[in-house]
Amino acid sequence: MSDPILLRARGLKNSRSLSTYCRLGGYSALEKALSMTPAEVIEEVKASGIRGRGGAGFPAGVKWGFVPRDTAKPKYMICNADESEPGTFKDRELIVVDPHMVLEGIALASYAIGANTAYIYIRGEFVDEAQILGKAIAEARRKKYLGEDMLGSGYDLDVHIHRGAGAYICGEETALIESIEGKRGLPRLKPPFPAVVGLFGCPTVVNNVETLACVPHILERGGAWFAGIGTERSTGPKLFCVSGHVERPGVYEAPMGITFRKIIEDLCGGMRGGRKLKAFIPGGSSAPVLPADLIDTAADFESVAQAGSMLGSGGLIVMDETVDMVWALENLLAFYAHESCGQCTPCREGSDWAVDIVRRIHRGQGRQGDIETLHRIARFASQGMTICPLGDAFCGPISSFLEHFGHEFEEAISKASSMTAKALPILPVQSDRELFGL
Amino acid sequence: MTEPMTSPLVVASPDEVGDVTFDRSMDAQIRGILKRYPNQDAALLPVLWLCQDRWGWISPGIMAAVGKRLDLAPAFVEGVATFYTMYQRRPPGKYLLQVCTTLSCQLCDTSVLVDHLKQKLDIDFGETSADGLFTLVDVQCLGACGEAPVIQINSDYHTDLTVEKLDALLERLAGQ
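Residue numbers (our numbering), protein chains in the order written: chain R, 15 to 452; chain D, 1198 to 1373.
With the rest of the complex left out, here is chain R (with noise of 0.2 Å):
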């Protein structure tokens, strides 16, 4: 495995201090970008080839580059740091190990799309690495490698943080910056896209943690030189975070294109107590789930596609042979029907009664004809049924596991009870667990 990038400084002493970044070079990529134009940086990072790895995969300098530049109004960039997408962590963890090069890809991201504010929206339950920013913030300022005339170029950027307060959907950009503007965090229609309309009113692009996190290394060592690792349209080094039933869980760095078999074999130590995989989830819950036999697929975003499912943000949940598919699926849709902002119908409804139909389904209650129902929900509550992507975010998981897993559900509902399955109507989430005494 070649040396790491993004967590070089990962076991280094006070690896978080603006010190060590500067002895590793740190700093020299924004001080390069001030003497560039920003249609230079962003033909750079066009460049690169990279795709955004908060999960929609779409490529960085396009979108920096849809930013209108003969505008009067201010414009805003903004640090998405929101991590809620289960099995996702690696953003997390780049913040507590190096939280300079975070700042340093907003510094210049910023600088790319003449933005002079920037916010950084960090999920509310993260209260320590919220500190750590802060800490960084003020020594970056000292240093005047943000703040005013930042390293004398004439150019000023102020970054503040923005907490959250719990709510998963916040990491949608357009409801991430309904919450900055101090709103209940309900998506936007698109377009007008941010790039454009954004965070008051005003062109805004949003980036992930580990996208920026790459951007001082592509200004530093050369859009060609990222577009060489990884796949052809895969671009890069990718954080994978590794949970559930494997050995050695956690943040693996690697080029984009490793299989997922090298993943969990190789790099996680394999399979927790030598058990058989069953199913992996390639890129965050929302992510298909996708069966043992498909482990050799390549985790770049083609391949996965192909396969079924998507990269997503890079969280891998392995599961082994002990799992209940029926238990995983109530499980993740219970999170999505909790986590729906309850705008769209067909996204607030067909979450709640998913979930109600697999707990039923779990409970030994299930009836003929949920499997039908399933499908039908998904049907009408994904591509494009919503404003925003969490429809399919359930939806994703309910196709594929009944594709894959389908048997499993059939074997409850035909053990269930025909008495019990008669009796009970299906009912809300709420009154469910009045019912069944949850």
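Among these hints, one or two may not hold up.
Claimed, not checked - Once the Cα atoms are required to be at most 20 Å apart in a straight line, the calculated PhoX-like pairs of lysine-lysine come out as:
id : chain 1 : residue 1 : chain 2 : residue 2
1  : R       : K46       : R       : K158
2  : D       : K1265     : R       : K87
3  : R       : K149      : D       : K1362
4  : D       : K1265     : D       : K1232
5  : D       : K1265     : R       : K197
6  : R       : K292      : R       : K276
In case anyone wonders, no lab produced these hints; they're calculated from the structure.
Add chain D to chain R, keeping to what the hints say.
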């Protein structure tokens, strides 16, 4: 990694936060928050955080005072405060046990910890133990899945927990 020593929450009684005014230090902090944004509506989340740090929860009286200070309708403030799960709308115990119950933690036996906690403290989710020390809540993914199972106590993460580790931890907290 050594586990942090979590300090107890300062929790105001409902009477103390029935009718709220901001003292000089809090008002100075609010003015500091307002400087970060081009309009004062955006200060709502950070000001609610400030209040929760000060009083331990967000009472109706606090919402009214925040609305007045930021020139927002009381219903709007309540709408925001109720949307986000981390703003406590009832006074919690001194230690808020926030157990992650999402898949990665569940795969690593969180439910064993949950059963143990419920039995030991004789409470269900959403309840506070009789001695007023511990409030138990179930939360969604805490974003530390590699160290599952995870419980956040007040603001600190406690990771790779077992029943034994949890017992020792609760004992230390109860004793301080």
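Hint check:
With a CA separation close to 15 Å, the supplied pair R:K46 and R:K158 stays within the 20 Å bound. A C-alpha spacing of about 30 Å is found between D:K1265 and R:K87, which places the hinted pair above 20 Å, so the restraint is violated. Only pairs whose Cα atoms come within 20 Å are accepted, and R:K149 paired with D:K1362 is rejected, the gap being roughly 31 Å. Among the hinted pairs, D:K1265 with D:K1232 is consistent with the structure: their alpha-carbon atoms are about 18 Å apart, no more than 20 Å.
At most 20 Å may separate the alpha-carbon atoms for a hinted pair to count; D:K1265 and R:K197 meet this at roughly 16 Å. Between the alpha carbons of R:K292 and R:K276 the distance comes to roughly 16 Å, so the proposed pair stays at or under 20 Å and holds.
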